[in-house]
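Please model the complete structure; the sequences and the hints are all you need to start from.
Protein chains: 2
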Amino acid sequence: MKRAIVLVSGGLDSATTLAIARDEGFECIAVSFDYGQRHRVELQCAAKVAQACGAIEHRAMQIDAAALHGSALTGCGDVPLDRSDAQIGEGIPDTYVPARNLVFLSLALAVAETTGASAIFIGANAVDYSGYPDCRGVFLESFGRTANLATKVGVEGDGIEIRSPLLEWTKAQIIRRGLDLGVDFGLTSSCYDPGDDGTPCGRCDSCHIRQAGFAAAEAEDPLP
Amino acid sequence: MKRAIVLVSGGLDSATTLAIARDEGFECIAVSFDYGQRHRVELQCAAKVAQACGAIEHRAMQIDAAALHGSALTGCGDVPLDRSDAQIGEGIPDTYVPARNLVFLSLALAVAETTGASAIFIGANAVDYSGYPDCRGVFLESFGRTANLATKVGVEGDGIEIRSPLLEWTKAQIIRRGLDLGVDFGLTSSCYDPGDDGTPCGRCDSCHIRQAGFAAAEAEDPLP
Chain A
1 MKRAIVLVSG GLDSATTLAI ARDEGFECIA VSFDYGQRHR VELQCAAKVA
51 QACGAIEHRA MQIDAAALHG SALTGCGDVP LDRSDAQIGE GIPDTYVPAR
101 NLVFLSLALA VAETTGASAI FIGANAVDYS GYPDCRGVFL ESFGRTANLA
151 TKVGVEGDGI EIRSPLLEWT KAQIIRRGLD LGVDFGLTSS CYDPGDDGTP
201 CGRCDSCHIR QAGFAAAEAE DPLP
Chain B
1 MKRAIVLVSG GLDSATTLAI ARDEGFECIA VSFDYGQRHR VELQCAAKVA
51 QACGAIEHRA MQIDAAALHG SALTGCGDVP LDRSDAQIGE GIPDTYVPAR
101 NLVFLSLALA VAETTGASAI FIGANAVDYS GYPDCRGVFL ESFGRTANLA
151 TKVGVEGDGI EIRSPLLEWT KAQIIRRGLD LGVDFGLTSS CYDPGDDGTP
201 CGRCDSCHIR QAGFAAAEAE DPLP
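As you go down the protein sequences, you meet chains A and B in turn. Take the first sequence: its letter number 136 is residue 136 in our numbering, and every next letter is one higher. Take the second sequence: its letter number 217 is residue 217 in our numbering, and every next letter is one higher.
The reader is advised that the hints may include incorrect statements.
Claimed, not checked - According to the in silico footprint, chain A covers these stretches of chain B (three or more CB under 8 Å from chain A):
#1 4-12
#2 107-114
#3 142-150
#4 153-165
Unchecked claim - Straight line, CA to CA, 25 Å or less: simulated DMTMM-like cross-link-like pairs of lysine to aspartate or glutamate:
#5 K152(A) to D221(B)
#6 K152(B) to E168(A)
#7 K152(B) to D34(A)
Stated by the list, open to error - On the chain B side, residues computed to face chain A include the following (Cβ under 10 Å):
#8 F33
#9 G36
#10 Y96
#11 P98
#12 A99
#13 R100
#14 L102
#15 F104
#16 Y132
#17 F139
#18 Q211
Bear in mind the hints are in silico, worked out from the structure with no lab data behind them. Computed from a prediction, not measured in an experiment: that's the story for all the values here. Cβ atoms here follow ideal geometry from the backbone N, Cα and C, with glycine treated the same way.
Written out as structure tokens, the structure reads:
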């Protein structure tokens with residue numbers, strides 16, 4: 001059976017991505033990263049999502065927190081709250097984490113090569129996104145080329161494909177596709193700065209984008 | 001002062017690379033990686049090399065050992081010994097570590113961005129090397145493009161340059177340049193499977209390449 005590594009953050013995009021990979025017939029290994037993020041509750045959500053969406057395994061990998069320091073998401077300054085749509089669309093925000101998706105994808109690539117996976121799925125999205133450079137198609141395509149130059153499977157084998165099925169979708173489309181595939185969004189977490197019990201703040205960019213997405217999808221968010 | 005991140009493994013190539021970066025006037029942060037390698041003595045060597053060659057800081061970063069599993073260097077099978085030059089030149093050996101340089105460079109990139117470095121130096125070498133795909137210029141150039149698409153410094157700033165000054169040098173040239181710059185090769189370690197006290201085995205590919213390099217440079221290796 002064809003196998004894929006799926007980056008699962010615990011959020012709704014990656015939950016839908018995992019469901020899509022499963023729907024395409026991939027046997028999936030879900031991979032999450034503990035990088036000292038403020039919103040660590042997402043790691044518990046990731047484990048639940050991985051199981052609920054039928055991953056054969058969930059790996060939570062540790063990343064040296066010092067590497068990804070320097071972001072509001074890793075304890076450097078405050079998470080911006082109550083920003084307008086216009087503000088969210090403006091440039092790269094303080095929640096940008098240096099080289100995050102490159103580090104995540106590189107580690108996922110190592111896991112892919114050692115486990116014989118032929119694809120890596122990432123729930124990157126360039127529409128309702130937060131201005132992160134590493135969520136753009138041009139980055140993901142470049143990473144795919146680099147990945148196949150860096151590895152034995154790329155040079156001597158069949159190569160590894162980088163898949164980002166949500167890249168051009170709106171948040172509403174992602175939510176609708178996830179619901180079609182039976183994803184339980186009640187297991188997910190999107191908030192950048194949730195309470196200790198996981199309750200979303202409702203005010204950060206990510207909460208804002210999620211709320212607007214459910215509204216546009218005419219669906220009800222099972223989270224408070 | 002311009003600043004660089006230098007990948008320092010504790011071997012002689014990266015020691016020479018650090019000396020070159022210093023000689024070019026860079027303030028250097030040395031970065032090493034603990035990825036469960038069999039030859040962990042190299043991390044102590046890296047710290048000594050970083051200090052002796054004038055790095056302002058040495059960071060030993062932890063990488064989840066499960067990621068880079070599947071190599072003779074990370075406890076999966078034996079390190080091949082007593083191979084001939086022809087055998088060493090043949091394909092990708094068992095000591096290949098999946099996606100290693102891509103993972104290392106990605107983490108170094110995150111450190112570069114958070115510390116304001118404008119360059120990353122890596123002692124990759126495509127001549128007297130061991131057939132690793134991630135030591136080739138074509139990979140490093142591709143990584144450089146990807147890095148500048150992945151990051152804020154690449155998209156909104158002056159970008160980060162990936163430098164591999166040793167890429168086309170023979171091992172003898174590397175040794176001579178290192179000696180010219182005053183590198184103490186007695187602090188370095190090249191062996192893939194050293195004794196507990198760090199004594200090189202003298203039989204793995206890396207020991208073999210080092211011995212041949214010193215012989216060709218007409219220099220004496222300070223190591224036993």
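These are the hints, each one checked on the structure:
1. 4-12: Result for this restraint: violated, n = 0.
2. 107-114: holds (count 6)
3. 142-150: holds (count 7)
4. 153-165: holds (count 3)
5. K152(A) to D221(B): violated (32 Å)
6. K152(B) to E168(A): At roughly 21 Å apart (the allowed maximum being 25 Å), E168(A) and K152(B) satisfy the hint.
7. K152(B) to D34(A): Judged against 25 Å, a Cα distance of about 22 Å means the pair holds.
8. F33: Holds: closest Cβ of chain A sits about 9 Å from F33(B), inside 10 Å.
9. G36: violated (12 Å)
10. Y96: Holds, because the Cβ-Cβ distance from Y96(B) to chain A comes to roughly 6 Å (cut-off 10 Å).
11. P98: holds (4 Å)
12. A99: holds (4 Å)
13. R100: holds (8 Å)
14. L102: Nearest chain A Cβ about 4 Å off; hint holds.
15. F104: holds (9 Å)
16. Y132: holds (9 Å)
17. F139: This interface hint holds because 4 Å falls under the 10 Å limit.
18. Q211: Result: violated, 27 Å to nearest chain A Cβ.
The structure fails to meet hints 1, 5, 9 and 18 from the earlier list, while all remaining hints are met.
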